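Asks: Given next are the chains, with one letter for each unit.
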Amino acid sequence: MTNPENYTSNYRRYIISGAVIATVIIFIIRLLYLQVIDNEYKVWADSNAFLKKTLYPSRGMIYDRNGRLLVYNQPAYDVMLIMREIQPFDTLDFCHTVGITKAQFDKRITDIKDRRLNPGYSSYVPQTFMNQLSAQDYGILQEKLYKFPGFYIQNRTIREYEYPHAAHVLGNVGEVNKKDIELDNYYVQGDYSGRSGIERSYENALRGEKGVEILLRDAHGRTQGKYENGRHDVDPVSGKNLTLSIDIDLQTYGEQLMQNKIGAIVMIEPATGEILCMVSAPSFDPGMLVGRQRGKNHTLLENDPLNPLFDRTLMGAYPPGSTFKPAMGLIYLQEGVITPDTYYSCAHGYPVLPGNKPGCHGHASPLSLVSALSTSCNSYFCWGLRDMIDSRRRYASVQEGLDVWKDHLVSMGYGYRLGVDLPGEKAGYIPNSKIYDKMYNGRWSSSTIISVAIGQGEILATPLQICNLSAEIANRGYFYTPHIVNNIQDHVLDTLYTQKRYTSIDKSYYESIAEGMRSAVVGGTCRRAALPDIAVCGKTGTSENPHGKDHSVFMGFAPYDNPKVAIAVLVENAGFGATYAVPIAKLMMQKYFSIEMTPADKYMEETFMNTVILPRNVL
Amino acid sequence: MSYRKVNIWKTIDWITVLFYLIMVAAGWFSICGASYEYGHMNWFDPSGRPGSQLIWIALSFVLIFFILMLDSNFYGVFAHLIYAVIILLLIVTIFLAPDIKGSHSWLVLGPLRLQPAEFAKFATALAVAKIMSTYGFKLAKVKNILLVLFLIFLPLACILLQSEMGSALVFLAFFLVLYREGMTGYVLLTGICAVAFFVISMMYSEVLIGTSPLGELLVLSIVQVLMIFLARVLQQERSALPVKILSGTTLAVGLTAYVVSLSTSVDWIRVAIGLIGVSSVYLIYLAIKHWFWQYLLIILFAIVSIGFLYSVDYVFNELLEPHQQLRIQVALGLKDDPGGAGYNVNQSKIAIGSGGLMGKGFLNGTQTKLKYVPEQDTDFIFCTVGEEEGFVGASAVLFLFTFFIIRLISLAEKQKTAFARIYGYSVASIFFFHLAINIGMVTGLTPVIGIPLPFFSYGGSSLWGFTILLFIFLRLDASRKERFGGGGLEV
Numbered sequence: 000m001t002n003p004e005n006y007t008s009n010y011r012r013y014i015i016s017g018a019v020i021a022t023v024i025i026f027i028i029r030l031l032y033l034q035v036i037d038n039e040y041k042v043w044a045d046s047n048a049f050l051k052k053t054l055y056p057s058r059g060m061i062y063d064r065n066g067r068l069l070v071y072n073q074p075a076y077d078v079m080l081i082m083r084e085i086q087p088f089d090t091l092d093f094c095h096t097v098g099i100t101k102a103q104f105d106k107r108i109t110d111i112k113d114r115r116l117n118p119g120y121s122s123y124v125p126q127t128f129m130n131q132l133s134a135q136d137y138g139i140l141q142e143k144l145y146k147f148p149g150f151y152i153q154n155r156t157i158r159e160y161e162y163p164h165a166a167h168v169l170g171n172v173g174e175v176n177k178k179d180i181e182l183d184n185y186y187v188q189g190d191y192s193g194r195s196g197i198e199r200s201y202e203n204a205l206r207g208e209k210g211v212e213i214l215l216r217d218a219h220g221r222t223q224g225k226y227e228n229g230r231h232d233v234d235p236v237s238g239k240n241l242t243l244s245i246d247i248d249l250q251t252y253g254e255q256l257m258q259n260k261i262g263a264i265v266m267i268e269p270a271t272g273e274i275l276c277m278v279s280a281p282s283f284d285p286g287m288l289v290g291r292q293r294g295k296n297h298t299l300l301e302n303d304p305l306n307p308l309f310d311r312t313l314m315g316a317y318p319p320g321s322t323f324k325p326a327m328g329l330i331y332l333q334e335g336v337i338t339p340d341t342y343y344s345c346a347h348g349y350p351v352l353p354g355n356k357p358g359c360h361g362h363a364s365p366l367s368l369v370s371a372l373s374t375s376c377n378s379y380f381c382w383g384l385r386d387m388i389d390s391r392r393r394y395a396s397v398q399e400g401l402d403v404w405k406d407h408l409v410s411m412g413y414g415y416r417l418g419v420d421l422p423g424e425k426a427g428y429i430p431n432s433k434i435y436d437k438m439y440n441g442r443w444s445s446s447t448i449i450s451v452a453i454g455q456g457e458i459l460a461t462p463l464q465i466c467n468l469s470a471e472i473a474n475r476g477y478f479y480t481p482h483i484v485n486n487i488q489d490h491v492l493d494t495l496y497t498q499k500r501y502t503s504i505d506k507s508y509y510e511s512i513a514e515g516m517r518s519a520v521v522g523g524t525c526r527r528a529a530l531p532d533i534a535v536c537g538k539t540g541t542s543e544n545p546h547g548k549d550h551s552v553f554m555g556f557a558p559y560d561n562p563k564v565a566i567a568v569l570v571e572n573a574g575f576g577a578t579y580a581v582p583i584a585k586l587m588m589q590k591y592f593s594i595e596m597t598p599a600d601k602y603m604e605e606t607f608m609n610t611v612i613l614p615r616n617v618l
Numbered sequence: 000m001s002y003r004k005v006n007i008w009k010t011i012d013w014i015t016v017l018f019y020l021i022m023v024a025a026g027w028f029s030i031c032g033a034s035y036e037y038g039h040m041n042w043f044d045p046s047g048r049p050g051s052q053l054i055w056i057a058l059s060f061v062l063i064f065f066i067l068m069l070d071s072n073f074y075g076v077f078a079h080l081i082y083a084v085i086i087l088l089l090i091v092t093i094f095l096a097p098d099i100k101g102s103h104s105w106l107v108l109g110p111l112r113l114q115p116a117e118f119a120k121f122a123t124a125l126a127v128a129k130i131m132s133t134y135g136f137k138l139a140k141v142k143n144i145l146l147v148l149f150l151i152f153l154p155l156a157c158i159l160l161q162s163e164m165g166s167a168l169v170f171l172a173f174f175l176v177l178y179r180e181g182m183t184g185y186v187l188l189t190g191i192c193a194v195a196f197f198v199i200s201m202m203y204s205e206v207l208i209g210t211s212p213l214g215e216l217l218v219l220s221i222v223q224v225l226m227i228f229l230a231r232v233l234q235q236e237r238s239a240l241p242v243k244i245l246s247g248t249t250l251a252v253g254l255t256a257y258v259v260s261l262s263t264s265v266d267w268i269r270v271a272i273g274l275i276g277v278s279s280v281y282l283i284y285l286a287i288k289h290w291f292w293q294y295l296l297i298i299l300f301a302i303v304s305i306g307f308l309y310s311v312d313y314v315f316n317e318l319l320e321p322h323q324q325l326r327i328q329v330a331l332g333l334k335d336d337p338g339g340a341g342y343n344v345n346q347s348k349i350a351i352g353s354g355g356l357m358g359k360g361f362l363n364g365t366q367t368k369l370k371y372v373p374e375q376d377t378d379f380i381f382c383t384v385g386e387e388e389g390f391v392g393a394s395a396v397l398f399l400f401t402f403f404i405i406r407l408i409s410l411a412e413k414q415k416t417a418f419a420r421i422y423g424y425s426v427a428s429i430f431f432f433h434l435a436i437n438i439g440m441v442t443g444l445t446p447v448i449g450i451p452l453p454f455f456s457y458g459g460s461s462l463w464g465f466t467i468l469l470f471i472f473l474r475l476d477a478s479r480k481e482r483f484g485g486g487g488l489e490v
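Protein sequences, first through last, are from chains C and P.
Just so we're aligned, residue 0 is where the first sequence starts under numbering that gives the first Met the number 0, counting upward by one.
Just so we're aligned, residue 0 is where the second sequence starts under numbering that gives the first Met the number 0, counting upward by one.
Check the hints yourself; a few may be wrong.
Stated by the list, open to error - With a Cα cut of at most 20 Å, we get these calculated PhoX-like pairs of lysine-lysine: (1) P/Lys-415 - P/Lys-137; (2) C/Lys-52 - C/Lys-225; (3) C/Lys-101 - C/Lys-52; (4) P/Lys-370 - C/Lys-51; (5) P/Lys-415 - P/Lys-9; (6) C/Lys-41 - P/Lys-288; (7) P/Lys-415 - C/Lys-225; (8) P/Lys-415 - P/Lys-359; (9) C/Lys-41 - P/Lys-370; (10) C/Lys-225 - P/Lys-243; (11) C/Lys-52 - C/Lys-178.
The set of hints was computed from the structure by calculation and includes no laboratory data.
From a predicted model like this one, the values you see are computed outputs, not experimental measurements.
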């Protein structure tokens, strides 16, 4: 044998071994980077393999105070797509099946991919392509779905309304927008949330909890069963059912009476603060804002010059007019400006100012508080304001006097939001001394601002606040924050709605105010509100409207002792309170107390339902 | 028989056999993991992949028995015949093989499918070992070199014609053997330089330093450094002065150019080429002065390198097919195309990367289970290991291969015959190439070149090919002790 060894072999053996080891070291560093240091691949792997299917809970149902179902759910079908899984398909066939044009199809695809419109976009995650397919379209699409890889159908539920009423109270449900998604990461694009009414204010209770089902998805997009037998799945939790304080019959009746008129009716149970009905006219069928017609109908309602989407009961701020007078009376009594036996003179107007402004109508003079309320005498309350804030014996300055006056009104629920459990409530407006200092350069007196004494001028109040004043007079000194939800399933109502709120007026002063309001019904301005066997108390008002005919207002409660109901009615452009607001209030209370209608009542009901009172520019 | 016959079961290298058994077993479990379907698994069903792999393994054991039972001289004696038969088979395959996923490398015999390329490896190793161990064989002779190259490139060409680029490239492993047997290291250096220059110039052609492409500049710098290195190697016992002058000049010019570049723009490419030119002139001067013509080789190297550098574009655009260009671009990170050509590599990296440190556990991998990785039980089997056994398991497999290959090298070195040693080096080199190309591919380091991971990838042909390759060497190694063990006689 030859000696195979030669001079190079020894070190070459090590060079070759070294190359092997060096290669493996490079690989190990690479593995360390891929598997331990870089986390991106794990995320990627999860989005590869896991199809997270959202399980939508059914939204809570809504009942009225008598347990009648108002709002429930019906199945709907959303078309979803996973961008990454789309393969070439017959686009025209697809568009035809779901009833859209090719241009709409292309636009939708572009919109889904646009991260500015759709911040949560991912090509791995199902995106909503179309909402709420009808059952027929769903049937056809389901049959053809195999032809459109990447498209899926997601079952959802949408709202169904038992009555075409109470649209403002119930509110509606719509697709979340970009802002909602940013504010609450519960939502993803294509989700629904309450947009208005209690759907919005009780969104968290109604929506329930989404569940998730983690499915394994193979490279061809086919699901391969549940991940770890569903150990990581989460069941959806149904939304809570709500019971409202609304009486749907009363609500329906109110809406019928307010047909073809603009205005509001609010009824509150004084003993609890529960809102019995809340009519804003014009109204609309809440079913209009469901399903695929929602967008179209919403635009329609938005463009309606009568603005039916606007909830006048708590968004409309009006001068309360004479319905403000009971509040004035209470403040004067509390501040010792007057006693129930104080008499003021009236000369078809307030004698202090030139031309007897504000004017008044014919009645006995001088007159007492009860008579002043009964006849709605303007002068009486103007005198009261003058004696209160212009007197330097009581307050150091007119400013101090006005602020005391204002504080009393705030305690009665004016000037700030009451805190009703509905979105969009307006605060109304009660001016303070600073405002007038600014307005009149610090030189002003009761004469300068005299119209506030009769609920005009700067004063603004919502119909809800007006009704609330009535409720607190009914209660003789306190009220509960008005609320519309009586009961949330498995939940305790917020203490805000179960605690008495006392006003800054002593209980003893309320009796003469109630007496005055009773007297107004018995023999004063609102005689037409009288009901047989029930002692109705009330106060009319005429809310001055700079844009047109004055608004007709009524505020009242019944019965006089142990009141069961407080009411406020406002009819825009209807002139004197007595003309429209009073009879409508009477019919509402008659309905509430289930008092049989006389033929005269029937006639009145029919007349009011058919009366059209709309601003001239609309007609 | 004049020498003492020793029981093969006592002389065989059991450590290597143990490595083999561990890898085959680990491979089988990986195939189980890769072909596991949710809900049902027929481990031993012969129609499934784990089941049929079990049959291939069992048949491998039968093969091993026959290989070990044959006389060790058989392999030397029949080396050329085996080589001839396999080459014939390869040629036949080119014409008979049906098109299977673009490859024409499978011979279909009824229910059996055979890939002759897998068997060409051991046949070529035998032939090369036989030729190189003949008496008086010297690699320095041109005739011998040509003969060996012919033996290597004949199967390589056949396999290329079968559209199996990966399997063909494996035959380049023989250059490691030639290197061990005395071939000059410059051949390897040239090869490595060619690949490195190509990759570097492609990868960094878009990056600019001033107005100069970084890729070009890097290659030229490497050329300059290598010139100094080669001058250092060649100087031997001569004066160290030329090397000092060369490195000094390089540093000085580099620094000056850098300082100048701070105030005005510098054409770095011209600086580098100028430097190489000046070095060449200096080397010519030295060659004439000392009458040492090998310095001229360094200049040749520089000229060829620069020529190669500037023909890369041509090579890439004109000689490679579009899908190969794309694969190379994706592998080099020049093209990001996760949906297309990069899909395999991307999914492979995701699967391995998602394994983390400890892995998801046997049969718990989601990426491999859900078939995200193509060819996951053959060429991409390492993904299953990476995903289910994590960094720990994947590293363990790499260590296993390292020890295995190092063991083969050390066994080869112990051989008393050139035939056995050369054959042993061939075996070690082939395993090394398979490991390097396969793992490089699945971890996204090298272009996608379909090639199995020995003992792990599913397939009878590859398992048998590797088993035969390995156990012929173990048979030869066992006979080393036969001949010289226990004071036995020499032939």
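Asks: Just to be careful, I want the Cα atoms of P/Lys-415 and C/Lys-225 compared with a cutoff of 20 Å; is the pair within it?
Replies: 61 Å, violated
Asks: Verify the proposed pairing of P/Lys-415 with P/Lys-137, using a straight-line Cα cut of 20 Å.
Replies: Cα-Cα ~18 Å, so holds.
Asks: If you draw a straight line from the CA of C/Lys-52 to the CA of C/Lys-225, is it 20 Å or shorter?
Replies: 11 Å, holds
Asks: Are the Cα positions of P/Lys-415 and P/Lys-359 separated by 20 Å at most?
Replies: 47 Å, violated
Asks: Starting from C/Lys-225, check that the Cα of P/Lys-243 is at most 20 Å away, please.
Replies: Given pair C/Lys-225, P/Lys-243 is violated - Cα atoms ~70 Å apart, limit 20 Å.
Asks: Within 20 Å, alpha carbon to alpha carbon, are P/Lys-370 and C/Lys-51?
Replies: Answer holds: P/Lys-370 to C/Lys-51 is near 19 Å, not above 20 Å.
Asks: Below or equal to 20 Å on CA atoms is what counts here, so check C/Lys-52 against C/Lys-178.
Replies: Not satisfied, since the Cα-Cα distance of roughly 24 Å exceeds 20 Å.
Asks: CA of C/Lys-41 to CA of P/Lys-370, is that 20 Å or under?
Replies: 16 Å, holds
Asks: Within 20 Å, alpha carbon to alpha carbon, are C/Lys-41 and P/Lys-288?
Replies: Status violated; Cα separation ~64 Å.
Asks: Can the restraint linking P/Lys-415 and P/Lys-9 be considered satisfied, given a maximum Cα separation of 20 Å?
Replies: 19 Å, holds
Asks: Holds or violated: are the alpha carbons of C/Lys-101 and C/Lys-52 at most 20 Å from each other?
Replies: Not OK: C/Lys-101 and C/Lys-52 at ~28 Å, beyond 20 Å, violated.
Of the numbered hints given earlier, the model fails hints 3, 6, 7, 8, 10, 11; all others are met.
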